[in-house]
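One-letter residues, chain by chain:
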Amino acid sequence: MLTFIVRRTLWTAVVMFVITVLVFIIFFKTPGVDPARAIAGRNPSPQVLAEIRAQLGLNRPLYVQYGVMMKKIFITRDLVSYSNQGTKVVQEIFAAAPATLSLVFGAALIWIVMAIVMGVAAARLRGRIYDPILMVIALIGVSAPVFWVGQVINLITQGSLHSNVFRWLPPLGYTSFTTSPVLWFEGLIFPWITLSILYIGFYARVLRANLLEIQNEDYIRTARAKGLSERRVLVRHTLRTSMITFVSLFGLDFGALVGGGAILTEVVFGIHGVGFLTYESLTNLDLPTIIAVVIYGAFFIVLANALVDIGYAWIDPRVRPT
Amino acid sequence: MASPLLEIRDLKVSFRTEDGIVRAVDGVSCSLYEGETLGIVGESGSGKSVTMMSVMRLITDPNAQFEGEVIYKGTNLMNLSQDQIRSIRGAGIGMIFQDPMTSLNPVYKVGWQIEEQIREHEHVSRQAARDRAVELLTAVGIPNARERVDAYPHQFSGGMRQRVMIAMAVSCNPDVLIADEPTTALDVTIQAQILALIKKLRQDFGTAVVLITHDMGVVADMADRIAVMYAGRIIEQGTQRDLFYDPQHPYTWGLLGSIARLDRPRPRRLAAIPGLPPSLMRLPVGCAFGERCAHRFERCSELPLLLDRSGTSHLDACHLSPQQKKDLRDRTIHPELVEERP
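As you go down the protein sequences, you meet chains X and F in turn. In terms of our numbering, the first sequence has 1235 at position 238, counting the first letter as 1, and numbering is strictly consecutive. In terms of our numbering, the second sequence has 324 at position 332, counting the first letter as 1, and numbering is strictly consecutive.
Since the hints were made in silico from the structure, they are not lab data. Quick reminder that beta carbons are idealized off the backbone N, C-alpha and C, glycines included. Wrong hints could be hidden among the right ones.
Covered by chain F, according to a simulated footprint, are these stretches of chain X (three or more residues, beta-carbon under 8 Å) [unchecked claim]:
1) 1043 to 1057
2) 1215 to 1228
3) 1232 to 1241
From chain X, some residues computed to sit far from chain F (all C-beta separations above 10 Å) [unchecked claim]:
4) VAL1012
5) ASP1075
6) SER1080
7) ILE1107
8) GLY1124
9) VAL1143
10) LEU1152
11) VAL1162
12) TRP1181
13) PHE1247
14) ASN1281
15) LEU1300
16) ASN1302
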């Protein structure tokens, strides 16, 4: 276990290093990107530009700039944004993380439950009309883009029907749980649904295919021959074994979402989470924030990978080290 | 004789497929008496597994259609509800399968899988079920059963897994044990051990055994009575002695003739039955074996029934007269012996 943790930590460090270097190089090699010019305003004099460059350290060699930036992120934690000189980037991410976590956890709960219900229902109803109907619904869910679904939901809930059915709904945005649990919940209902639709569709289809495959396994026949009820065969044998696939997929998707992958949902619903921050920093070409967000995202993806591996060993005894 | 423990009466199983109806089992009748071993022999696709899977009502294919009766202790299993048949599966009739590598659930400990079955049928505590699992594992010859009960299937070899399957199948003291090619996936030495184990359990617990196999050697060793299946029908049925020393059906002769025997001169090559089994979708009119039979005559276009043709309990489905059979038999089973005669 200890070697596993050490190996994973080293691996995380390597991944983060490579990603940040890449992002850093891409940023400075992209034509037309000059943070000094963006800060200096219209028609700046060359002296002003040079002054700003010196202030930001942009006139120093790239590797020094990189080193300074990493130091400011990990050690002094006082890296400031280019576009908004008052904001400290690290603190900004920590402030945004709860919104993202609330969004992703809630959505994940919905999508796990719904995907299992739909996947199991479709597998059980195979050979009847309900199976293809469910799978077409799932396919529509996979195909519907989040920004479109989100906007349509907003149009209905915040627009046409806001005066009657959805009167209780707060305006777009995120209220922290500690401020008001009720507002937190109400404000997140539709973002949760929007974010989970894609994953429900995808997971339901994967689960159905997996269940049908496992249903033909010899050990399912054995379970029936033992005299177990169909329900027990399904839950304790078929579904239990299909969780091996389900969990490994889930870990990766969940990690990517917590790491800022819910960017579209956050933007459409005005939730100021990490995804929203990413979106803003990309539109402003704000390198410090981009780098910090990328590190944050990479951390969660690698963490999710490690958790998937641990979870995998937990649900599949065959891969456990002996 | 007492009334049979398990009686199959005119069982027919067919599957609807895109190309037409496949008659996998076509009117099989046979009985199993207390404490005996019935061997069912036949090649792949002859319907032996489908027959016994139908007895257990384990065929879940929605395109399968069943006719006939399966009487177990006076109840027709074919009429039972799912819940009623469940109380017989595993408790009254235990079953072991061909491939021990895939027959156990890989994610549960073997002990847990045995306990699960015990607790499904009997109201006993976890601890009691666990103790029984350890006892059973010991009985089937798993060393260190107390520790191995907490091992996962992948930590066992194929032979050991089959032992676990057997322990599981007999865990609720069934009257009938159906063994569907229990040794096919195992190598020869392990095969002998598993067969010896089944024999021992039959002696110790008085369980009646249905042994499905394609191996004449296995039935010769194990079975009291033997039924030979071909193309979904039983074509010969009798005691082990009848089958091996007085076989009546040309197909049985073919099977016996294809065995390499150590107590006879070595043949130049093993005799084989020419041709292939017929498609179950388009069975020939009359005797299904007719097209491959060297002794075919006019009457063979009429379906031969499984009848007692020799005045004993030895049944066969061949139109030849007993005398003709006697004459033709030796030539078919041991052609090289005949040829070598001056």
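Results for each hint:
1. Remark: the stretch 1043 to 1057 of chain X is not confirmed as covered by chain F, as 0 of its residues place a Cβ nearer than 8 Å to a Cβ of that chain, below the required three.
2. With 12 residues having a beta carbon nearer than 8 Å to a beta carbon of chain F, the stretch 1215 to 1228 of chain X meets the requirement of three or more and the stated coverage holds.
3. Counting residues of the stretch 1232 to 1241 of chain X whose beta carbon lies closer than 8 Å to any beta carbon of chain F gives 5, which meets the minimum of three for the stated coverage.
4. No Cβ of chain F comes within 10 Å of the Cβ of X:VAL1012; the nearest lies about 31 Å off, and the non-interface call holds.
5. The Cβ of X:ASP1075 sits about 50 Å from the closest Cβ of chain F, beyond the 10 Å cut-off, so the non-interface label holds.
6. Taking the minimum C-beta to C-beta distance to chain F, about 52 Å, the non-interface status of X:SER1080 holds against the 10 Å cut.
7. Every C-beta of chain F lies more than 10 Å from that of X:ILE1107, the closest at about 27 Å, which supports listing it as non-interface.
8. Distance to chain F contradicts X:GLY1124 as a non-interface residue, since its nearest Cβ pair spans about 6 Å, not more than 10 Å.
9. Distance to chain F confirms X:VAL1143 as a non-interface residue, since its nearest Cβ pair spans about 35 Å, more than 10 Å.
10. No Cβ of chain F approaches the Cβ of X:LEU1152 within 10 Å, the least distance being about 45 Å, so the stated non-interface status holds.
11. With a closest Cβ-Cβ approach of about 43 Å to chain F, X:VAL1162 is found to remain outside the 10 Å limit, as its non-interface label requires.
12. The Cβ of X:TRP1181 sits about 38 Å from the closest Cβ of chain F, beyond the 10 Å cut-off, so the non-interface label holds.
13. At the 10 Å boundary, the C-beta of X:PHE1247 stays outside the reach of chain F, the nearest C-beta of that chain being 17 Å off.
14. Chain F leaves X:ASN1281 outside its interface by the beta-carbon criterion, the shortest separation being 50 Å against a cut-off of 10 Å.
15. The Cβ of X:LEU1300 lies farther than 10 Å from every Cβ of chain F, with a closest approach of about 25 Å, so its non-interface assignment holds.
16. The claim that X:ASN1302 lies off the interface holds: its Cβ sits roughly 22 Å from the closest Cβ of chain F, which is beyond the 10 Å cut-off.
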